[in-house]
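J.: Next come the chains, spelled out residue by residue.
Number of protein chains: 6
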Amino acid sequence: MKRVLLTGAAGTLGKAMRKALAGWADELVLSDIVPIETLNKGESFTACDLGDLSSVIELVRGCDGIIHLGGQSIEGTFDSIVNGNLKGTYHIYEAARQLGVKRIFFASSNHVVGFHSREERLDANSPMRPDSLYGVSKGFGELMAQYYFDKFGIESALVRIGSCLPKPIDRRMLSTWLSEGDMADLIKKVYAVNRLGCTVIYGASNNPWSWWDNRLSNFVGWQPKDSSETFEDEVLKNDAPLDDENPALLFQGGFFATAGHFEDE
Amino acid sequence: MKRVLLTGAAGTLGKAMRKALAGWADELVLSDIVPIETLNKGESFTACDLGDLSSVIELVRGCDGIIHLGGQSIEGTFDSIVNGNLKGTYHIYEAARQLGVKRIFFASSNHVVGFHSREERLDANSPMRPDSLYGVSKGFGELMAQYYFDKFGIESALVRIGSCLPKPIDRRMLSTWLSEGDMADLIKKVYAVNRLGCTVIYGASNNPWSWWDNRLSNFVGWQPKDSSETFEDEVLKNDAPLDDENPALLFQGGFFATAGHFEDE
Amino acid sequence: MKRVLLTGAAGTLGKAMRKALAGWADELVLSDIVPIETLNKGESFTACDLGDLSSVIELVRGCDGIIHLGGQSIEGTFDSIVNGNLKGTYHIYEAARQLGVKRIFFASSNHVVGFHSREERLDANSPMRPDSLYGVSKGFGELMAQYYFDKFGIESALVRIGSCLPKPIDRRMLSTWLSEGDMADLIKKVYAVNRLGCTVIYGASNNPWSWWDNRLSNFVGWQPKDSSETFEDEVLKNDAPLDDENPALLFQGGFFATAGHFEDE
Amino acid sequence: MKRVLLTGAAGTLGKAMRKALAGWADELVLSDIVPIETLNKGESFTACDLGDLSSVIELVRGCDGIIHLGGQSIEGTFDSIVNGNLKGTYHIYEAARQLGVKRIFFASSNHVVGFHSREERLDANSPMRPDSLYGVSKGFGELMAQYYFDKFGIESALVRIGSCLPKPIDRRMLSTWLSEGDMADLIKKVYAVNRLGCTVIYGASNNPWSWWDNRLSNFVGWQPKDSSETFEDEVLKNDAPLDDENPALLFQGGFFATAGHFEDE
Amino acid sequence: MKRVLLTGAAGTLGKAMRKALAGWADELVLSDIVPIETLNKGESFTACDLGDLSSVIELVRGCDGIIHLGGQSIEGTFDSIVNGNLKGTYHIYEAARQLGVKRIFFASSNHVVGFHSREERLDANSPMRPDSLYGVSKGFGELMAQYYFDKFGIESALVRIGSCLPKPIDRRMLSTWLSEGDMADLIKKVYAVNRLGCTVIYGASNNPWSWWDNRLSNFVGWQPKDSSETFEDEVLKNDAPLDDENPALLFQGGFFATAGHFEDE
Amino acid sequence: MKRVLLTGAAGTLGKAMRKALAGWADELVLSDIVPIETLNKGESFTACDLGDLSSVIELVRGCDGIIHLGGQSIEGTFDSIVNGNLKGTYHIYEAARQLGVKRIFFASSNHVVGFHSREERLDANSPMRPDSLYGVSKGFGELMAQYYFDKFGIESALVRIGSCLPKPIDRRMLSTWLSEGDMADLIKKVYAVNRLGCTVIYGASNNPWSWWDNRLSNFVGWQPKDSSETFEDEVLKNDAPLDDENPALLFQGGFFATAGHFEDE
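Protein sequences appear in the order of chains S, G, A, Z, D and H.
Per numbering that gives the first Met the number 0, residue 0 is the first one in the first sequence, and the count goes up by one each step.
Per numbering that gives the first Met the number 0, residue 0 is the first one in the second sequence, and the count goes up by one each step.
Per numbering that gives the first Met the number 0, residue 0 is the first one in the third sequence, and the count goes up by one each step.
Per numbering that gives the first Met the number 0, residue 0 is the first one in the fourth sequence, and the count goes up by one each step.
Per numbering that gives the first Met the number 0, residue 0 is the first one in the fifth sequence, and the count goes up by one each step.
Per numbering that gives the first Met the number 0, residue 0 is the first one in the sixth sequence, and the count goes up by one each step.
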């Protein structure tokens with residue numbers, strides 16, 4: 000890769016990917032609405048509000064790949080997701096179309112399917128059941144990606160990320176954990192495969208309790224190497240179990256599925 | 000029904016439904032951003048911009064059902080769909096939640112699945128493949144409805160309307176036509192069934208060439224009575240066939256699937 | 000048919016079938032634990048406790064077909080279903096094996112699948128989800144039939160009867176009604192088809208709101224002629240709707256699914 | 000249609016179609032290896048050995064449609080099917096490619112799936128299980144058609160014809176009968192639909208006992224009007240049932256599935 | 000776990016589990032109809048006839064988990080399975096309901112699906128095809144468990160155990176073997192997972208020739224560690240192959256599927 | 000194994016298998032239309048034209064297994080495949096029938112499914128979509144095998160071989176590579192399993208990018224040990240990527256799917 004854009008670079012996930020992808024591309028163009036001051040070799044920074052199309056077009060110009068982590072990444076009011084997640088994702092795809100970028104890594108979320116039961120096994124064909132306005136906005140992003148693929152041939156990895164952290168820190172993450180190394184490896188595979196299409200991939204490491212089946216995206220060649228099993232004892236000791244009657248236990252989305260609605264003020 | 004809201008009442012479909020539903024509810028509350036001047040018995044009118052939450056809340060107050068036809072109903076720029084279709088649909092559901100309305104008829108569109116091939120048979124489980132920004136916005140509405148069902152129990156009919164006109168007027172409509180009478184009957188069934196859930200229904204009459212299979216929503220009890228076959232000879236005579244090489248023939252969405260992108264200015 | 004056994008002949012369903020099947024077989028051997036005193040031409044009666052194997056063997060001797068309606072047909076304590084439904088059904092099949100009867104019409108019940116949601120469409124492959132001990136006992140009968148088919152070649156129609164009455168009398172029956180004429184016609188088809196196998200058939204007339212799909216047993220050639228639609232207005236007028244919050248509305252089994260457990264004393 | 004080729008025109012099916020299609024095309028080019036002497040208005044005749052490529056090319060020249068009924072239509076030795084069915088079908092498709100014919104009606108056969116059980120419901124996705132060398136040769140033709148579609152865009156209807164006769168004459172035909180009128184109507188629909196693809200269609204009238212489900216080819220718009228039910232009493236009276244133990248009763252192909260192998264001499 | 004009931008504790012499988020589970024629960028309550036004389040630390044013993052409800056209730060009182068291995072574990076007469084397997088399993092579930100036990104490990108059997116072909120791959124959705132009265136009784140137990148889950152929320156693991164022995168001793172067991180260690184690990188996982196539901200799990204080690212696919216119960220987190228491959232050479236040397244024509248080779252249930260019927264005397 | 004026939008023994012694959020199978024059978028009967036001069040211990044050679052039935056019968060006589068690699072193994076004119084692939088495969092099966100050989104390893108090809116997209120995951124149920132006349136001929140062979148299984152009980156492994164070479168040498172082979180060792184191991188498993196049926200197996204090593212899923216043939220017990228990952232760096236360095244627009248990237252068959260038609264002269 001020559002020049003790759005990383006949106007949301009100032010966030011937790013963005014920081015981890017900067018580190019894990021060091022040296023992978025000639026230039027990693029970092030972007031966020033929040034400034035990033037310390038740059039490493041091979042990085043540049045451009046501040047950008049994803050809600051502004053012309054800024055996004057300038058941001059994307061000259062890139063041959065986009066890792067789109069930007070936008071709101073937790074539940075919020077509807078207003079709070081309109082700018083970064085609805086407009087922002089549209090702007091990324093529209094800029095790619097106008098400028099000829101052919102492949103996008105889109106950070107979707109497991110909260111797109113968070114109202115499925117924990118006893119269900121999901122794959123790329125499972126229907127979306129968002130557990131939050133945030134989940135709805137990520138589902139919207141997946142539909143937008145599908146539209147740009149079918150009409151304009153822009154390929155996407157729609158990565159329904161579980162919980163990407165240095166290690167799992169609660170019991171639910173024994174199922175959903177995605178190690179930073181596995182995530183970085185997935186990014187590389189997505190840009191290495193000859194043909195990507197518009198493909199749903201569940202972003203979880205090789206965890207024994209996983210709810211998700213990636214056989215339909217096997218052709219991408221990603222084989223996660225880490226497992227939450229390594230941290231099982233630690234998690235069970237440190238994280239008290241939920242009460243049996245807690246409905247958060249029923250749904251893959253956990254607390255997202257049982258949280259109330261965030262009203263706009 | 001006592002008091003039912005009909006959004007988009009000034010549009011073609013809205014006008015047809017006003018007529019077809021006359022007498023069905025004690026009061027039909029018409030709404031549109033465009034004024035409606037002549038009211039029939041049992042109708043009232045409230046102008047409303049669906050993009051404004053507090054106005055929508057006032058509109059919904061006191062209704063026990065919502066037929067949501069409002070918003071943009073053809074392809075347009077992204078900006079043009081943000082207000083009516085993204086914000087508007089959210090506002091309708093949020094108003095329903097705040098005010099306790101339990102069931103919504105949501106006019107989705109066949110353009111949510113317009114990039115499927117004409118040789119495919121679709122049902123409620125077929126993945127969304129929108130053929131336009133308009134199609135994406137209707138898919139967003141379906142996801143929003145699913146969220147409000149799973150989290151708050153608001154039931155919806157997600158009606159992927161084909162072509163609702165007095166009669167089919169081109170060859171594609173031999174597959175997609177929905178008679179106004181069948182549509183009105185569907186609205187009545189949606190409000191009559193004991194239990195609706197959040198259910199995808201393809202809105203087409205009993206056409207021989209149909210691409211869509213409604214067996215999964217059979218429990219609603221809707222049995223369309225009209226058929227495009229009645230108009231077959233007329234259509235074949237008046238509407239010249241597309242050239243064999245025209246890619247619009249490949250996709251269920253027809254020209255929507257082959258139209259270019261509407262850029263924001 | 001020469002000589003056909005009808006168990007449960009004194010019950011409501013048995014009485015209706017005696018009438019509807021008049022003249023179909025040379026001899027209809029009626030049986031029940033309750034005496035039947037008035038016999039029509041072509042009928043004989045033998046009292047029998049289905050829980051006694053040697054009596055059942057005597058009952059089956061000389062018959063070339065069995066219509067097995069006998070046993071308990073409503074929810075009861077476990078003890079009450081052991082005799083007629085567990086032992087009784089086993090005895091019928093075992094007698095058939097010993098005496099060479101090749102085909103059995105087994106009155107199973109929709110309560111074998113009563114915990115499926117009313118928004119689901121079921122077919123012969125849908126998993127059993129019994130809503131009652133009665134439903135469990137009918138599922139047991141289906142498994143017994145499958146065993147006798149796979150091991151001994153005895154063919155069965157496993158008819159998951161909805162509500163077989165002269166006409167539908169509550170709102171749920173608009174979905175589940177089976178007319179007596181359609182049921183009698185099904186019995187005839189089951190004995191006319193060249194090859195029956197061990198086949199699940201949902202016993203409902205051609206109702207618009209049906210939850211059940213019989214395409215997998217289409218080869219039997221049964222095409223129900225009646226429809227609950229005929230009685231729709233009458234039912235809606237006479238049977239008050241359940242409260243929206245009543246959980247019986249959620250499940251196909253209705254009140255069976257929400258009734259408590261019948262404890263043995 | 001202007002000029003349509005009908006191969007196998009001297010056979011039983013060919014004769015019936017000549018009659019049923021009278022007037023449909025400007026010219027119906029009849030062909031067979033057997034001479035046809037009496038021609039009707041709008042018909043021409045060209046003798047042709049389908050096993051000879053250059054003759055087939057001459058035959059196809061100038062046609063805008065092909066109804067390919069030719070070749071061997073019953074079981075025979077392998078040698079007997081090589082010429083007409085393997086080479087012959089290849090030659091028809093290759094001539095179409097060289098001359099630009101875009102759509103072919105291919106008379107495949109139910110014997111392509113004859114080893115499926117009579118209790119199975121088949122659709123276009125059911126795997127091929129040929130019951131005879133003849134069935135294998137028809138399966139070969141379907142694969143050839145698929146190849147010419149995927150590589151060269153030639154569309155085909157792969158019509159798995161049941162039993163096309165004036166009326167059903169044995170019990171199996173109560174399931175498999177295809178009336179001549181329904182078949183002719185299917186040919187017309189195949190050439191009228193905007194987009195055909197390469198589509199499997201089961202060729203049976205609207206028979207109550209049908210084993211086959213055409214919902215996946217519903218988009219073609221064919222709705223058979225006849226039913227074997229009309230002849231049920233007559234068939235049951237005139238055609239003695241097979242012995243229960245006859246294995247021909249097990250398989251959809253009937254006697255084809257139980258016949259021995261035709262050895263080459 | 001504090002206090003766990005182990006039924007069938009005097010049987011082969013029960014003995015193996017006592018050993019393998021030593022120390023797992025504070026108290027392991029052993030039960031059998033046969034007395035157990037030597038108890039290990041942490042074990043107690045209560046004799047119980049599972050066919051007697053009040054005894055079973057006393058047995059279950061105070062337990063927070065039940066491992067139900069009890070009842071008849073081989074084919075027998077129908078009378079012999081009524082007590083332990085039909086009544087017994089009902090009594091276990093009914094006692095759990097009355098006393099508030101929330102989760103049961105139910106030892107079902109591969110003989111519930113023994114009439115499936117060895118060339119089929121089964122998962123939790125495969126239909127039951129019992130190969131014996133014993134298999135029917137285990138299927139009954141699964142239905143009872145489903146009923147108690149749907150109506151009363153009691154969770155179950157329905158473990159279709161293959162062949163749980165120290166090592167595989169015939170060729171069929173190369174497919175069906177379940178090591179004692181893997182079985183004990185499964186029990187622990189079943190009680191460790193946050194949410195179990197009512198879940199079918201095939202009880203086989205990680206054997207290369209397995210017929211069974213546990214991806215649908217992957218969320219339980221069980222990953223068997225042993226494999227019959229370790230014993231392959233030994234088995235092939237010591238166990239002579241069956242004759243090619245032996246029908247026991249056709250079915251997953253092996254000799255169970257070809258054994259005759261056990262008549263009650 | 001005592002005496003096993005290896006057709007196509009002079010080809011690349013044949014040579015590799017001679018080496019890899021050394022010592023496996025008492026006698027390996029090599030055959031090809033091309034002479035083989037140097038024989039190893041345990042090998043014999045018989046020249047044979049597969050297009051001649053009586054020669055094939057003589058060839059097969061006395062063998063208890065057949066590894067059928069013979070015939071044309073690349074695209075060619077239709078004439079070139081008639082002899083070796085259509086007639087030849089028929090002759091092998093017919094000889095097996097006449098002489099009582101019960102199990103055949105048939106070298107089918109991935110080109111039977113070469114027109115599937117690289118983003119699709121195939122299994123044994125995926126429809127055939129041949130990418131070449133060669134692919135059609137292999138599909139014909141699979142149908143012939145199915146016919147001989149259903150009618151005469153001859154078992155077959157239908158092995159859709161990817162790219163069997165010492166190592167992968169282009170980028171596509173990172174998905175399709177089958178090591179010679181894994182192929183030889185598959186042959187041995189096919190002859191070791193108790194019951195084979197007529198089973199499709201995808202012939203690829205354990206490659207990360209595989210498009211094919213062999214879970215449905217898992218019962219055969221084959222677990223490939225090699226992986227193209229070993230050669231990944233070497234391949235990526237030595238084999239330049241195809242241009243993004245090259246349609247060969249779209250299809251599993253690669254250049255076979257985009258090559259023109261081989262006309263007979």
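Hint data in this document are derived by calculation from the structure and do not stem from the laboratory.
Any given hint might turn out to be false.
Identical copies look the same in the list; a pair holds intra-copy or inter-copy alike.
When the alpha-carbon atoms are kept at most 35 Å apart in a straight line, the in silico DSBU-like pairs for lysine-lysine are as follows [unchecked claim]:
(1) Lys14 <-> Lys236
(2) Lys150 <-> Lys40
(3) Lys150 <-> Lys236
(4) Lys101 <-> Lys166
Treat the numbers as computed from the prediction; the structure is a model and nothing was measured.
J.: Would you mind marking each hint as holding or not holding in the structure?
T.: A quick look at each hint next to the structure:
Taking the closest pair of Cα atoms, Lys14 and Lys236 come within 35 Å of each other both inside a single copy (29 Å) and across two copies (31 Å). With identical chains, the CA atoms of Lys150 and Lys40 are never at most 35 Å apart, being 37 Å at best within one copy and 46 Å at best between copies. Proximity of Lys150 to Lys236 under the C-alpha cut-off of 35 Å is restricted to the inter-copy arrangement: shortest distance 32 Å between copies versus 51 Å within a copy. For a Cα distance limit of 35 Å, the shortest separation of Lys101 from Lys166 qualifies both inside one copy, at 33 Å, and across copies, at 31 Å.
Of the numbered hints given earlier, the model fails hint 2 alone.
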